[in-house]
Amino acid sequence: MGPLSILSELPEWLNLLIAFFIGIGFGFSLEQAGFSSSRKLAGMFYGYDTTVLKVFFTAAIVALAGSQLLSYFGLLNLKLVFVNPYYMNSAIIGGIIMGAGFVMGGYCPGTGISALSIGKIDALIFLIGGMVGAFLFAETYPYVQTLAMENYKGAMRIDEWMGVSAGVFTFLLIVAAVALFWVAELAEKRYSRPEITNDL
Amino acid sequence: MEKRKYMNPYLAGVLLGLVLLAAMFLSGRGLGASGGIKYAVVALVGAVDHQYAMDTPYYSKYFENGENPLKSWLALEVLGMVLGGFISGALSHRLKFKIEKSPRISNKKRLLFAFLGGVFFVYGAQLARGCTSGAALSGMAVLSVAGFVTMFAIFGSAYLFAWIFRKLWI
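The listed protein sequences correspond, in order, to chains A and B.
Just so you know, we're using my numbering here: the first sequence kicks off at -18 and counts up by one.
Just so you know, we're using my numbering here: the second sequence kicks off at 49 and counts up by one.
Just so you know, the hints here were simulated from the structure itself, not pulled from any lab data.
Cβ coordinates follow ideal geometry from the N, Cα and C atoms, glycine included.
Watch out, some of these pointers could steer you wrong.
Computed beta-carbon distance windows for the label pairs [stated by the list, open to error]:
no.	chain 1	residue 1	chain 2	residue 2	range
1	A	124	B	215	27 to 35 Å
2	B	143	A	163	33 to 41 Å
3	B	145	A	66	38 to 46 Å
Please model the entire structure based on the sequences and the hints provided.
Structural data, given as C-alpha cells:
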C-alpha cells in the first residue's frame, strides 16, 4: 500500500535513495524523448516539432490514470500524495515569466539538466542563469512576498472545481489530449522545417 | 558511431509517466527540477556566508535543526537526473560537448539568451512554486488546479513571446 515512504515509515536514507533512482529514470526518459535538444524543444513554439506536447500529455495521463487505478484497487492512498497548493496570482504571473524564459533559453529546468548531462554547453549556461534567478528571487522575496501569497485557494482540485468525478475528468483529459495530438501532427506537416529537424 | 534516433514521443511519454507514478507511489510526491536548483543556491549561499543565510528568513528555513539543504529529496533526485541523462546519452551515442543553436546566430548570442532564459525561468518557477515538472506535469497528475493553470500560463506565454524571439530559432 502506497505511498510507501509514508505508510511503511521508511528511514530517511532509503527515501533519499529512492529519490536518486527516480531521478535516474526521470533524466533517462527526458533524454530519450529528445528533451536534451533546445532546438527540438523550441519546435513546440514554431510548430515544426511537437514532441513536447506528445510526451508531456502522455506522461500526465499515464500518471493520472495509473494513480487513479492504484487508488481504486486500494493500493495507493491519494490523500497522502502531495497536491500542489493553488496561489492564483503567483501561478499565473510565475507561469508567464517561465514562458518567456522558455523561448529565450530553449529549455525548462528539467530539460536543461537533461541537456547538461550529455554535454550541451548552452544548457550549462541556462542552468547557471537559473541559479542566478533563484538567488534573485530569494533576494527580492520581501518585495514579491505579497504577490506570492495573494489569492490563496488551498490544494484545490480541478475535478471537484468542475463538479465531476476524478474518473470522468481523466476521461475528458484523454479525449482532449487525443484531439491535441491530432492537431500537433497536422502542425508538424504545415510548419515543417526539414533544415532544422534533419539536423537534430 | 552514428547517433541513434530519439524514442517515439508517445512511448517516451509512457516511460516518463511511469517514473512519475513511481514517485507518487514510493514517496507520495511528484517530480521536480527547479526545486533542486533552488537547493543548490541555498547550499551555496550557506557555504559562502553562513551568518547571512541564517539571518535571512528565506534561506534560514532550510538550515533549521542543523539540516543540510542538499540532503533533500529534490536535491538527490536532480543528482540522479544527471546520471540518468548521461546513461541515455551514452547508450544512444549522443554524448558531445557542443553549443546547440540555429546557424543564423552567433555562439555569443545563443549563450546570452540561454543565460537570460535561465534567470527568467527559475525566477518564475520560484514565484509559481514549481516549474514544468513540479508544478505543471506533477500538478496535473494529481488533478491540482495549480498544475493546470501553471501549464496554460507557461505555454500560453511562450507562444506570445515566440514571435519576439523567433530569430533565435527559425
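Please flag the earlier hints that this structure goes against, numbers listed from lowest up.
-> Violated: none.
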